[in-house]
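Trainee: In order, the protein sequence lines correspond to chains A and B.
The numbers in the working numbering rise by one with no breaks, and the one at position 69 of the first sequence is 69.
The numbers in the working numbering rise by one with no breaks, and the one at position 326 of the second sequence is 326.
Treat the hints as calculated values from the structure; they're not laboratory data.
A hint or two may mislead.
Each computed PhoX-like pair below joins lysine-lysine, with the alpha-carbon atoms no more than 25 Å apart [stated by the list, open to error]:
hint, chain 1, residue 1, chain 2, residue 2
1, B, Lys337, A, Lys73
2, A, Lys137, B, Lys6
3, A, Lys169, A, Lys127
4, B, Lys337, B, Lys6
5, A, Lys105, B, Lys6
6, A, Lys127, B, Lys338
7, A, Lys178, A, Lys73
8, B, Lys338, A, Lys9
9, A, Lys125, A, Lys137
10, B, Lys16, A, Lys137
11, A, Lys73, A, Lys130
12, A, Lys19, B, Lys6
13, A, Lys149, B, Lys6
14, A, Lys73, A, Lys105
15, B, Lys6, A, Lys130
16, A, Lys73, B, Lys6
17, A, Lys137, A, Lys169
18, A, Lys19, B, Lys338
19, A, Lys105, A, Lys169
20, A, Lys130, B, Lys16
21, B, Lys337, A, Lys9
22, A, Lys125, B, Lys111
23, B, Lys16, A, Lys127
24, A, Lys169, A, Lys149
25, A, Lys125, B, Lys6
26, A, Lys73, B, Lys111
27, A, Lys130, A, Lys169
28, A, Lys137, A, Lys149
Covered, in the sense of this in silico footprint (three residues per stretch, anywhere, with C-beta under 8 Å from a C-beta of chain B), are these stretches of chain A [to be verified]:
hint, stretch
29, 48 to 57
30, 67 to 73
31, 96 to 103
32, 111 to 125
Quick list of the computed label-pair ranges, beta carbon to beta carbon [as the list claims (entries may be wrong)]:
hint, chain 1, residue 1, chain 2, residue 2, range
33, A, Lys9, B, Gly190, 25 to 35 Å
34, A, His102, B, Asn287, 41 to 51 Å
35, A, His109, B, Ile209, 29 to 39 Å
36, A, Gly57, B, Gly190, 24 to 34 Å
37, A, Gly161, B, Pro277, 54 to 64 Å
Since the model is a prediction, treat every value here as computed from it, not as a measurement.
C-beta atoms are modelled at their ideal positions from N, C-alpha and C, and glycine is treated no differently.
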Amino acid sequence: MDIQLSHVKKSFGDTAVIKDVSFTVAAGEICCLLGPSGSGKTTLIRLMIGALPADSGTIRYGDTEMPNMAILKRLGFMPQNDALYEDLSAQDNLAFFGGLYHLPKATRHARIAEVLDMVELAGHKHKLVKNYSGGMKKRLSLAISILHKPDILFLDEPTAGIDPVLRRKIWAQFQALKAQGTTIIVSTHVMDEVIECDKGALLYNGTLIEYDSVDRLLKKTASGRIEDLFFAASESEARP
Amino acid sequence: MIQLAKRVIRQTVNDKRSVMLILVAPLLILTLVYFLLGDSDYVATVAIDPDAVPAPVINALEQQELELVDITADEADQALDYLQQHEDVDAVLRFPETSGMDITLYEPSTKGATAMSEIQEAMADINPSAETTVSYVYGTQDQSLFDSLGYVFLALFSFFFVFIISAMALVRERSRGTLERLMMTPIRRGEVIAGYTLGYSVFAVIQAIIIVLYAIFVLQLSNEGNIGWVLLTMVLLAVTAVSFGATISIFAGSELQVVQLIPFTIIPQVFFSGLIPLDLIPYHLGNLSYIMPIYYGAAAIKGIMVYGDGFSDIWGYLAGLTTYALVLYIINTQALKKFRKL
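Pulled out of the complex, with its shape left as it was, chain B reads as follows (with noise of 0.2 Å):
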């Protein structure tokens, strides 16, 4: 098992792809996901009349974090028009003899999103009986999508990179024969498996380490637990990932295969990973969710980030994980009979 296990260790170092995919893509990967999810300095722009709009009110907008387009009445008038030729105003505000506020928007989207808030801000500065005060048990009001969901991402990234490249190797290793050659040495099918999982497993120790001091330390993702149990997580979930990998390769003949089962293996889990929170998918279908290792990762980790959890709160979702990759053991080694009965 040593003997295999130092294999899979020296056979990854020398090949520099794999190098990358395990240690560096997902920081790459995180470092997008941290910009696009990450603090917006974002300033919407909103278009007024302002022969029709009170003068508290333009004062109170021009204290937002917002740039303000004068537009004559017709333009105020024919808002969508205005917003079709127009492109770069995110919203038309008017306040039409008939109602109160009315704002017209492009689309729905976050410019669109900033603006509203931008402007709801303003009321609120004018009518202080109306400013609405919003507390959190865990986290702030302005935190970013980044610091809310940053946790699932870890998750994700310890799974996927290693499924990948495990899941590649053991099918690399069957078509090019050396399984079978393995399989003709005295070493015992349990021991397959076990080296296959502890060789990657040095490599997943290497990932979380370098994935959760950066996302933490660079990135500032925030983090209220223990980051020796985040570490934990991510290296018990990469185990999974390497028996997940290894019974995926049993249903796939070639390398390209198993991309082609990426769509029944991983995005499903992407879902239910908590980027969708699961009291809001229909059809009791959230329950799915327990068949899927990454969800057990995720909710550890979201236990210990967000909400400060210890062993005694995650040990439940570290036993799923655990139990999981068992079971995949015991499915691998038995799969195994298909190249020695004994």
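So here's chain A without its partners, still in its complex pose (with noise of 0.2 Å):
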């Protein structure tokens, strides 16, 4: 199922955050969603998740106007903030979601030990959240965002403060779930992480500045690097 923007504009007050945004991403890619901070990319995803509603424009997938509670079903979310319950352990943090997106009974039990063994926190299941660490409470976020097998993952900055070796382990289960056919929309403002995608949208204040396959993003600088295209952007808007 893919996703197509067409023209999705929004406002805070007199403040344009999303300006005239269009872009379509396939079924099974990774797009990455990059800007420096306050460039729109929450509220993007914010949009495309339903959470917001847009001044104008539409967000389809497939055929299908967002808001929709079928879509909303199929759709995953982990938020830039970890969104836990602390005074739970990550067990009952997972029942809890599992039961709200109705997980079968008989097989909830066995995701959720699967999920746990993906994000490496099995041994920690019973521990409260309050008492585990910022990595731990990233894996857990993700665990939960992908307990109910989501067709379409949105990911906030799920990078962000997060150590080089931890970083590395949870793009290996973002490439994991692509294998299974997992479409992601991942947002970050760490340059690096570009190459780990299928698909770049890069925003700039609001605007789409540049939307293509990284290969092609990369090559649209003489360095081989994507905060050139920022740096440009930011030149030309500095132009009178």
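Reconstruct the complex from the two isolated chains, following the hints.
Mentor: Put into structure tokens, the structure is as follows:
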């Protein structure tokens, strides 16, 4: 199921946060939303998952326009903050969301064990989340977002504040999910992570300045560095 | 909805401070209120000039629960100065030649009132024709302030503590991003509010049972009616408190702001809960009580505990509470549209 954004706009008061953004992500791709802080990445993700209504434009999943409850069930979302119940254990957090996603009781326990193994938290599943380290919380947050085997997974800055070793492990998990057919939309301001993705959407001040395959994006600068595309956008904006 | 209620219960149980706030704090404060408003064994001290007070009066005063202190004629004449210098004395009693009885008190206070009451009883003893007999339709003359107003505190506690816990939990749910994550699941908006209400209702029931049994059987709060109706009213009040907390959480950006909103949300309700008779409040401001949920709960509990009312007498108040809870439920469900239109 592909995702099509068509002329999506969003303002908060007088401030335009998303300015006429259009692009399409094909099923099974990893699409990177790249941009500096405040460029509109989180807002765009919230628009795509239906948490925010767009002022104008459309967001479609296949032939279905958002917001739609049937589509919502097929989406997974890992927010920028951990968004966990800290007074519960990892097992209880997963059991709660598993119940909300109506995972069959017969297989729910096995699925929880599976995702806990995947994020390497099986040995800590009964510990209260408030006693987890930052990295453990990130991994649990990822486990919750993939618990119901979503077709499309949205990850908002999943590796922010994560050490390089854990970051590599997390990206390995994303690649594993992609291999299973999951479409992944991931926002990041770490430019190096773009090489893990198939497509890159470069946002600057709410404007989509580039959207292309990562290979072609890298070839668009002489240095082969994505940052240069943002520098160019910055200079062109500063020019009278 | 059941999933959410179970989570609320599990989460609250794991947070020891919340459990203490819901189950222990009301008992602690109720006990304090009992000692503050209950029977006092205070013995007032009254100063007299024994040469200027008739002997029968002295005899009658000695029969009362009073401590008598002898003072000189000069000290009696300068009663105001004497009381300022002797703070352990509550009253100076004189019988000047130009008037009848003269009582000087240090200040209007409960201690002064106790001294006055004992002096009046002594006077009634030596003049039986002046004795006054007071009868009440409900209650007795010797019941304490705790007996008269204890029901208000049952209503206040069942509302306040659940309100605080639920409002803060919902604000936390929003600030930590779990509400947004929750709204990404197929749960319906109404189920979110209902799940929360159901989860906290379990604690409300336990809290109501503990408070009522403690107040009636340990603190001996007088009760003329059926405990079951008291429990039902308290649970309904607590359910309304959960919805009220959810509504307030819409206007609060953080847990601190919930506390900052207490002077606007809770304190006015305390004044209209029955602590002050509504008829005494000027400019018809007493009518404001009708928009305050604690009023309905306190009025129903008063009806049951003081007047011995049954369901046929209190159903209007219960209907008021139920309506309040339903209206807030609709408001809260609509407010969640901010997070998901569906």
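Trainee: Hint by hint, say whether it matches the structure.
Mentor: Hint check:
no.: 1; hint: Lys337/B to Lys73/A; in the structure: holds, 18 Å
no.: 2; hint: Lys137/A to Lys6/B; in the structure: holds, 22 Å
no.: 3; hint: Lys169/A to Lys127/A; in the structure: holds, 22 Å
no.: 4; hint: Lys337/B to Lys6/B; in the structure: holds, 24 Å
no.: 5; hint: Lys105/A to Lys6/B; in the structure: holds, 16 Å
no.: 6; hint: Lys127/A to Lys338/B; in the structure: violated, 33 Å
no.: 7; hint: Lys178/A to Lys73/A; in the structure: holds, 18 Å
no.: 8; hint: Lys338/B to Lys9/A; in the structure: holds, 18 Å
no.: 9; hint: Lys125/A to Lys137/A; in the structure: holds, 12 Å
no.: 10; hint: Lys16/B to Lys137/A; in the structure: holds, 22 Å
no.: 11; hint: Lys73/A to Lys130/A; in the structure: violated, 28 Å
no.: 12; hint: Lys19/A to Lys6/B; in the structure: violated, 43 Å
no.: 13; hint: Lys149/A to Lys6/B; in the structure: holds, 24 Å
no.: 14; hint: Lys73/A to Lys105/A; in the structure: holds, 17 Å
no.: 15; hint: Lys6/B to Lys130/A; in the structure: holds, 19 Å
no.: 16; hint: Lys73/A to Lys6/B; in the structure: holds, 22 Å
no.: 17; hint: Lys137/A to Lys169/A; in the structure: holds, 14 Å
no.: 18; hint: Lys19/A to Lys338/B; in the structure: holds, 21 Å
no.: 19; hint: Lys105/A to Lys169/A; in the structure: violated, 30 Å
no.: 20; hint: Lys130/A to Lys16/B; in the structure: holds, 14 Å
no.: 21; hint: Lys337/B to Lys9/A; in the structure: holds, 20 Å
no.: 22; hint: Lys125/A to Lys111/B; in the structure: violated, 61 Å
no.: 23; hint: Lys16/B to Lys127/A; in the structure: holds, 16 Å
no.: 24; hint: Lys169/A to Lys149/A; in the structure: holds, 19 Å
no.: 25; hint: Lys125/A to Lys6/B; in the structure: holds, 18 Å
no.: 26; hint: Lys73/A to Lys111/B; in the structure: violated, 69 Å
no.: 27; hint: Lys130/A to Lys169/A; in the structure: holds, 23 Å
no.: 28; hint: Lys137/A to Lys149/A; in the structure: holds, 20 Å
no.: 29; hint: 48 to 57; in the structure: holds (count 4)
no.: 30; hint: 67 to 73; in the structure: holds (count 5)
no.: 31; hint: 96 to 103; in the structure: holds (count 6)
no.: 32; hint: 111 to 125; in the structure: violated (count 0)
no.: 33; hint: Lys9/A to Gly190/B: 25 to 35 Å; in the structure: holds, 31 Å
no.: 34; hint: His102/A to Asn287/B: 41 to 51 Å; in the structure: holds, 49 Å
no.: 35; hint: His109/A to Ile209/B: 29 to 39 Å; in the structure: holds, 34 Å
no.: 36; hint: Gly57/A to Gly190/B: 24 to 34 Å; in the structure: holds, 29 Å
no.: 37; hint: Gly161/A to Pro277/B: 54 to 64 Å; in the structure: holds, 59 Å
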